[in-house]
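Trainee: Chain residues, written in single-letter form:
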Amino acid sequence: MAEAILLIGTRKGLVIARSDGGRRAWSVEPIQFVNKEIYALAVDRRRDPPRFFAGVGTGHFGSYLVHSDDLGRTWTEPDRAALTFPEGTETALVRVWQVQPAGDDQPDVVYAGVEPHALFRSDDGGVSFSIVDGLWNHPHRSKWMPGGGGACLHTVLIHPEDAQRVMVAMSAAGIYRSADGGSTWEPANKGIQAYWLPEDQRFPEFGQCVHKVARHPSRPERLFAQNHFGVYRSDNGGDSWDAIESGLPSNFGFPMVVHPHKPETIFTFPLRADEERMPPDGKCRVYRSDDAGATWTALSTGLPQGPYLAAVLRDAMCTDGADQAGFYFGSRLGEVYGSLDDGDSWSAVATHLPDVLAVRAAVLA
Amino acid sequence: MKVTLLIPAPLRGCSGGSRQVVVDGATLGGALDDLAQQMPVLERRLRDERGRLRPHVLVFVDGVMVRGASGLDTPVRDGTEVFIAPAVSGGADRCRRPSRHQSGRSAAAGDPDRIRTDDLHLDRVAC
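Protein chains in written order, with this note's numbering: chain P, 1 to 365; chain S, 1001 to 1127.
Treat the hints with care, as some may be off.
[Said to hold, decoys possible] Partial selection, computed: residues in chain P whose CB lies under 10 Å from chain S: (1) S27; (2) G59; (3) T74; (4) E77; (5) T84; (6) E87; (7) A92.
[As the list claims (entries may be wrong)] Sample of chain P residues facing chain S (criterion: CB under 8 Å; computed from the structure): (8) W26; (9) W75; (10) D291.
Treat the hints as calculated values from the structure; they're not laboratory data.
Source: prediction; values computed, not measured.
Every residue, glycine too, gets a C-beta built ideally from N, C-alpha and C.
Next comes chain P alone, as it looks inside the complex:
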């Protein structure tokens, strides 16, 4: 019998909700990692059972990466820290922002993005990692600025047809890509505005505040980006970007999710910025485009109808990738909603949680 699992990372711990393959009723388990922030979650489907990852942060005792090989019931922290800056960098890990398993052709490769801006790679399934020197030593690094959430490398995209091609996104350094497995990197921000800069400097080579980038594996040269002001699409692997924000109530937001079976369908959750960081008009609405950003549809059936003042953060929206795809998002009000009809209607999965930082989901046969 199929089992659905939804990992919910919050500012005060990890909550796991489970359901059957129908995903109509969810059982929400007691919180784990109490009073620790969970910004990064991942499900590595290349293993059986899948390996779960959680980036755990404490206010006092540092941040660390754990994994689970029993579907989240127990977690392992290796004796040797999985993520640690090497000697010579004179740097200490601040926060784990992203864990990204590579493709099926690299079954033991896992990438991790951290704060301060750095990319790590594991060749043993995510038990131990090494820093990717090519990015760490990039001549631009000293000029990269932190975003509001910190100097975070929050997105890692591995090209589905060429594992040597890796793209990362960093706040507020922009998008960088490598064609040689991480040895060398070039910025890929052409066409993306940095609205906060003087008018004649708004298209810099790097320094844009990208919030999330996503792609569909069947069309790897097409990329979608939600930025700090600006929603963009690239049709050439990041060579250049065009705005696709017409029809959205705001071009600010954090998440960007691509439908697992419809490459033209994308989801985001706009916020009015910069001063408010709240949903426009106080309405809880997901926005979906079915034509790669040409037009947008507001989705609110089943979502709270009263004033709604909470944001949805960059990794707090996801899909489970199932044949009948489930979509999920969590807000900083501690509410998680799910949809089984591409967002046309939503229902609550969990409520009254701490503010949600990340969600990841899977349906297992």
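Dock chain S against the given chain P, drawing on the hints supplied.
Mentor: Just chain S now, kept in the frame of chain P:
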């Protein structure tokens, strides 16, 4: 030198539930090096990968708080107790290094990095 580390409740998951851990060393840093061999996960809750004490962890050697790089050079003796606590400053979203105002009101004579237990509102130390 046999040194006893007093483990605060939030870290006892890393010490197998023990409230105390006995380690060997001639200095605080040496004692933590020994801890890294015995209980590596617990040790890195106290020091980062550069070997520095985490800024939001309070460490007292025989009742005297030590801070900064020189704190790890603090000598210890047989029977020394090392009291460890999370600082009240460390639970914020974006942590900053605790100011002297937060971590203690006056320095022990002759060493601005050493603060006496008596100088602190320990009832405020929580996690």
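Trainee: Now tell me, hint by hint, if it's right for this structure.
Mentor: Outcome of the hint check:
no. : hint : result
1   : S27  : violated, 25 Å
2   : G59  : holds, 4 Å
3   : T74  : violated, 13 Å
4   : E77  : holds, 6 Å
5   : T84  : holds, 4 Å
6   : E87  : holds, 8 Å
7   : A92  : holds, 4 Å
8   : W26  : violated, 28 Å
9   : W75  : violated, 11 Å
10  : D291 : violated, 38 Å
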